[in-house]
Each structure stands twice: as C-alpha cells, then as structure tokens.
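Build the full structure now, drawing on both the sequences and the hints.
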Amino acid sequence: MRAADLLGLNRNTLRKKIRDLAIKVIRTPGT
Numbered sequence: 072m073r074a075a076d077l078l079g080l081n082r083n084t085l086r087k088k089i090r091d092l093a094i095k096v097i098r099t100p101g102t
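Sequential numbering from 72 applies to the sequence shown in this note's numbering.
What the hints contain is simulated information worked out from the structure, not anything from laboratory work.
Even for Gly, the Cβ is constructed at its ideal location relative to N, Cα and C.
Take these hints with a grain of salt, some might be off.
[To be verified] Pairwise CB distance ranges (calculated):
(1) Ala-93 x Arg-73: 36 to 44 Å
(2) Gly-101 x Arg-73: 43 to 51 Å
(3) Pro-100 x Ala-74: 37 to 45 Å
(4) Pro-100 x Arg-73: 41 to 49 Å
(5) Ala-75 x Gly-101: 26 to 34 Å
Below is the structure:
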C-alpha cells in the first residue's frame, strides 16, 4: 500500500467519523 493511499483513506475515515460524531452530539439533548 502507498502512503498517499493510506493518508487518503485515513482522511476520508476521519471525516466520516467526525461527521457522525457531530450529528450524534447535535441530536443529543443537553451536554
């Protein structure tokens, strides 16, 4: 595997995780 490919995958994965977490936080009342 190439470093560039790994970085790209990591970026996409992190973006998705952050997005999911943000949605959960916004949907969660309080906090």
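*What are the numbers of the hints that this structure violates, sorted from low to high?*
1, 5
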